[in-house]
Amino acid sequence: MRTLDTKIIEDEIYRLAMDAGVCLTDGCKRAMYAAAEAEDEGAAKFALGALCRNFELAESERVPVCQDTGMAIVMLEIGQEVYLSGKPLAAAVNDGVRRAYADGYFRKSVCDPLTRVNTGDNTPAVIHTEIAEGDRVRITYMPKGFGSENMSRVYMLKPAQGADGIVDAIVETVKLAGSRPCPPVICGVGIGGSFDTCTFLAKRALARGVGTESDRADVRDIERRALERINALGIGCQGFGGKVTALTVNCMWAPTHIAGLPVAINIQCHCMRAGESTL
Amino acid sequence: MKKLKLPLTSKEIKELHAGDSVELTGVILTARDCAHKRIKEMREKGETLPFDIAGAYIYYAGPCPAKPGRASGSCGPTTSARMDAFAPDLLDAGLGGMIGKGEMSDKVREAIVRNQKVYFAAIGGAGALYAECIKSSRCIAFADLLSEGVYRLEVENFPAVVAFDCHGASIYEK
Numbered sequence: 317m318r319t320l321d322t323k324i325i326e327d328e329i330y331r332l333a334m335d336a337g338v339c340l341t342d343g344c345k346r347a348m349y350a351a352a353e354a355e356d357e358g359a360a361k362f363a364l365g366a367l368c369r370n371f372e373l374a375e376s377e378r379v380p381v382c383q384d385t386g387m388a389i390v391m392l393e394i395g396q397e398v399y400l401s402g403k404p405l406a407a408a409v410n411d412g413v414r415r416a417y418a419d420g421y422f423r424k425s426v427c428d429p430l431t432r433v434n435t436g437d438n439t440p441a442v443i444h445t446e447i448a449e450g451d452r453v454r455i456t457y458m459p460k461g462f463g464s465e466n467m468s469r470v471y472m473l474k475p476a477q478g479a480d481g482i483v484d485a486i487v488e489t490v491k492l493a494g495s496r497p498c499p500p501v502i503c504g505v506g507i508g509g510s511f512d513t514c515t516f517l518a519k520r521a522l523a524r525g526v527g528t529e530s531d532r533a534d535v536r537d538i539e540r541r542a543l544e545r546i547n548a549l550g551i552g553c554q555g556f557g558g559k560v561t562a563l564t565v566n567c568m569w570a571p572t573h574i575a576g577l578p579v580a581i582n583i584q585c586h587c588m589r590a591g592e593s594t595l
Numbered sequence: 002m003k004k005l006k007l008p009l010t011s012k013e014i015k016e017l018h019a020g021d022s023v024e025l026t027g028v029i030l031t032a033r034d035c036a037h038k039r040i041k042e043m044r045e046k047g048e049t050l051p052f053d054i055a056g057a058y059i060y061y062a063g064p065c066p067a068k069p070g071r072a073s074g075s076c077g078p079t080t081s082a083r084m085d086a087f088a089p090d091l092l093d094a095g096l097g098g099m100i101g102k103g104e105m106s107d108k109v110r111e112a113i114v115r116n117q118k119v120y121f122a123a124i125g126g127a128g129a130l131y132a133e134c135i136k137s138s139r140c141i142a143f144a145d146l147l148s149e150g151v152y153r154l155e156v157e158n159f160p161a162v163v164a165f166d167c168h169g170a171s172i173y174e175k
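As you go down the protein sequences, you meet chains A and B in turn. When we follow this note's numbering, the leftmost residue of the first sequence carries the number 317, and every step to the right adds one. When we follow this note's numbering, the leftmost residue of the second sequence carries the number 2, and every step to the right adds one.
One thing to keep in mind: the hints can contain errors.
Restricting the straight-line Cα-Cα distance to at most 30 Å, the calculated cross-link-like pairs of lysine-lysine (DSS-like) are [unchecked claim]:
1) A/Lys-491 - B/Lys-4
2) A/Lys-323 - A/Lys-474
3) B/Lys-15 - B/Lys-3
4) A/Lys-559 - B/Lys-38
5) B/Lys-136 - B/Lys-46
6) A/Lys-559 - A/Lys-323
7) B/Lys-136 - B/Lys-4
8) A/Lys-424 - B/Lys-38
9) A/Lys-424 - B/Lys-15
10) B/Lys-38 - B/Lys-108
11) B/Lys-12 - B/Lys-46
12) B/Lys-6 - B/Lys-46
13) B/Lys-68 - B/Lys-38
14) B/Lys-4 - B/Lys-15
15) B/Lys-3 - B/Lys-136
16) B/Lys-12 - A/Lys-559
17) B/Lys-136 - B/Lys-68
18) B/Lys-108 - B/Lys-4
19) B/Lys-108 - B/Lys-12
20) B/Lys-4 - A/Lys-559
21) A/Lys-345 - B/Lys-68
22) B/Lys-6 - B/Lys-41
23) A/Lys-424 - B/Lys-136
24) A/Lys-559 - A/Lys-491
25) B/Lys-68 - A/Lys-323
26) B/Lys-108 - B/Lys-3
27) A/Lys-403 - A/Lys-345
28) A/Lys-424 - A/Lys-403
29) A/Lys-323 - A/Lys-403
30) B/Lys-108 - A/Lys-345
31) B/Lys-4 - B/Lys-46
32) A/Lys-345 - A/Lys-491
33) A/Lys-491 - B/Lys-38
34) A/Lys-424 - B/Lys-41
35) B/Lys-108 - B/Lys-15
36) B/Lys-38 - B/Lys-136
Read the hints as simulated data drawn from the structure, not as lab findings.
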């Protein structure tokens, strides 16, 4: 049994949050440069150029790349041979988030759902825990903005709708979102599982990063077909029209029930911010 | 690229067309979800607002806190469609115009034409770039709403695109 003090997890969350607030992932930056290059002259190319200058400036000045510094999404895979000592795990994660949002001058965007009173420190984080093999703790950290989160959808498809139905659902979600989620978007898609697991898979699929593909051929085919149809919609950067409406479609899957085909599409804007660490 | 000083004259407004790239210089006021709800409630009760709506340009935004020595934290636009229910009434009350991101409803577009005003789209996600255009920032109302309060921003060369023009055209219409 390995002992790990949750203070170490807190400090790592702090470090990941401080970096994620000001830097896009490398895959996302590469995709944005490619999009700016690919687009024809016009408002969309103008906006893409400005967005590339923006993430360069944010990184060099260590200021938030987008003012929506998001809700903190924290995914923890905890080895079953780890004993966590010290303060409770959730308290450690939230303390790391709280410190980062204060020290980073990040916006505090978490509030009561009904009174809308702000919690003032961007906590609580959304914490997912999973028990894994081994004696390590793997952290995936992702601040999630809500302009894009608001455009996400869940479909309970019929099994007969199959891969074509899944592609249709992904394309429809992006079409309905239109200019509102800050396109070019990134689509995280969860296929299968139950009503709840498909939404988590969709979030996990976002964290897989821009420039990755599924290792399963038929899933990869869904990703490619959906991306091609999305980019034929002509929505373009910011809805200004153009060739690049999505940077990537990432799908993850899980076994489901014989009667169902749940599909969740989690929309992420072009500000893909995430970090990973293993302790 | 058209360089414009706020407030706009009616002649300048008439010369703007959906899709035009512009740079704005002048005073704008931030307001987003909670501030709009409060403005609506105060107006319904006949209370005096802590700032003048007439001629004001509202920026749908909620900034990050400013780092020491800087005028503003990152401050890009938020999704305008969430303010669809509020914008027509404010335009009819004399609002100068709005800056946000993404499409707004047909009712907003009609109110823009009816009042001969403009809706500008700023570039969503360019928060750090916009912070550089902000020369001063001061909370003038609803400070308890934190980033959702109303901030008076002095901006210089603030990049935007004409989204809805006074002639009824929209950049989002394909």
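Status of the hints after comparison with the structure:
The suggested pairing of A/Lys-491 with B/Lys-4 is violated, with an alpha-carbon distance near 33 Å, which exceeds 30 Å. For the given pair, A/Lys-323 sits about 46 Å from A/Lys-474 by alpha-carbon distance, which is inconsistent with the 30 Å threshold. About 13 Å separates the Cα atoms of B/Lys-15 and B/Lys-3, which keeps this hinted pair within 30 Å; it holds. With a C-alpha separation of about 37 Å, the suggested pairing of A/Lys-559 with B/Lys-38 is violated against the 30 Å cut-off.
With a C-alpha separation of about 35 Å, the suggested pairing of B/Lys-136 with B/Lys-46 is violated against the 30 Å cut-off. Taking the CA atoms of A/Lys-559 and A/Lys-323, the gap is near 47 Å; set against the 30 Å cutoff, the hint is violated. The hinted pair formed by B/Lys-136 and B/Lys-4 meets the criterion: a straight-line CA distance of about 17 Å does not exceed 30 Å. In summary, the hint linking A/Lys-424 to B/Lys-38 is supported, as the alpha carbons are separated by about 20 Å, within the 30 Å threshold.
Proposed proximity of A/Lys-424 and B/Lys-15 is contradicted: the alpha carbons are some 40 Å apart, above 30 Å. Under the criterion of a C-alpha separation no larger than 30 Å, the hint pairing B/Lys-38 with B/Lys-108 is consistent with the structure, at around 18 Å. The suggested pairing of B/Lys-12 with B/Lys-46 is violated, with an alpha-carbon distance near 35 Å, which exceeds 30 Å. A C-alpha spacing of about 34 Å is found between B/Lys-6 and B/Lys-46, which places the hinted pair above 30 Å, so the restraint is violated.
With a C-alpha separation of about 29 Å, the suggested pair B/Lys-68 and B/Lys-38 falls inside the 30 Å cut-off, and the hint holds. Only pairs whose Cα atoms come within 30 Å are accepted, and B/Lys-4 paired with B/Lys-15 is accepted, the gap being roughly 15 Å. A distance of roughly 20 Å separates the Cα atoms of B/Lys-3 and B/Lys-136; the hinted pair therefore holds under the 30 Å criterion. Between the alpha carbons of B/Lys-12 and A/Lys-559 the distance comes to roughly 34 Å, so the proposed pair goes past 30 Å and is violated.
Distance restraint check for B/Lys-136 and B/Lys-68: the Cα-Cα separation of roughly 14 Å lies within the 30 Å cut-off, and the hinted pair is therefore satisfied. A hinted pair counts as satisfied when its Cα atoms are at most 30 Å apart, and B/Lys-108 with B/Lys-4 qualifies at roughly 28 Å. Of the supplied pair hints, the one linking B/Lys-108 and B/Lys-12 holds, its CA atoms being roughly 24 Å apart against a limit of 30 Å. At most 30 Å may separate the alpha-carbon atoms for a hinted pair to count; B/Lys-4 and A/Lys-559 meet this at roughly 28 Å.
A C-alpha spacing of about 25 Å is found between A/Lys-345 and B/Lys-68, which places the hinted pair at or below 30 Å, so the restraint holds. Distance check on the hinted pair: B/Lys-6 and B/Lys-41 sit about 28 Å apart at the alpha-carbon level, within 30 Å; holds. For the hint linking A/Lys-424 to B/Lys-136, the alpha-carbon distance of about 23 Å falls within 30 Å, and the restraint holds. Of the supplied pair hints, the one linking A/Lys-559 and A/Lys-491 holds, its CA atoms being roughly 14 Å apart against a limit of 30 Å.
Under the criterion of a C-alpha separation no larger than 30 Å, the hint pairing B/Lys-68 with A/Lys-323 is consistent with the structure, at around 27 Å. Taking the CA atoms of B/Lys-108 and B/Lys-3, the gap is near 27 Å; set against the 30 Å cutoff, the hint holds. Between A/Lys-403 and A/Lys-345, the direct Cα distance comes to roughly 37 Å. Violation of the 30 Å bound is thereby established for this hinted pair. The straight-line distance between the Cα atoms of A/Lys-424 and A/Lys-403 is roughly 24 Å, inside the 30 Å bound, and the hint therefore holds.
At most 30 Å may separate the alpha-carbon atoms for a hinted pair to count; A/Lys-323 and A/Lys-403 meet this at roughly 7 Å. Simply put, B/Lys-108 and A/Lys-345 have alpha-carbon atoms about 37 Å apart, too far for the 30 Å limit, and the pair is violated. Taken as a hint, the B/Lys-4 and B/Lys-46 pair is broken in the structure, with Cα atoms around 39 Å apart against an allowance of 30 Å. A threshold of 30 Å between alpha carbons decides the hint, and for A/Lys-345 with A/Lys-491 the separation of about 24 Å falls inside it, so the pair holds.
At most 30 Å may separate the alpha-carbon atoms for a hinted pair to count; A/Lys-491 and B/Lys-38 meet this at roughly 29 Å. A hinted pair counts as satisfied when its Cα atoms are at most 30 Å apart, and A/Lys-424 with B/Lys-41 qualifies at roughly 24 Å. Restraint check for B/Lys-108 and B/Lys-15: the C-alpha separation of about 20 Å stays at or below 30 Å, so the hint holds. Of the pairs offered as hints, the one joining B/Lys-38 and B/Lys-136 holds, with about 28 Å between alpha carbons and a cut-off of 30 Å not exceeded.
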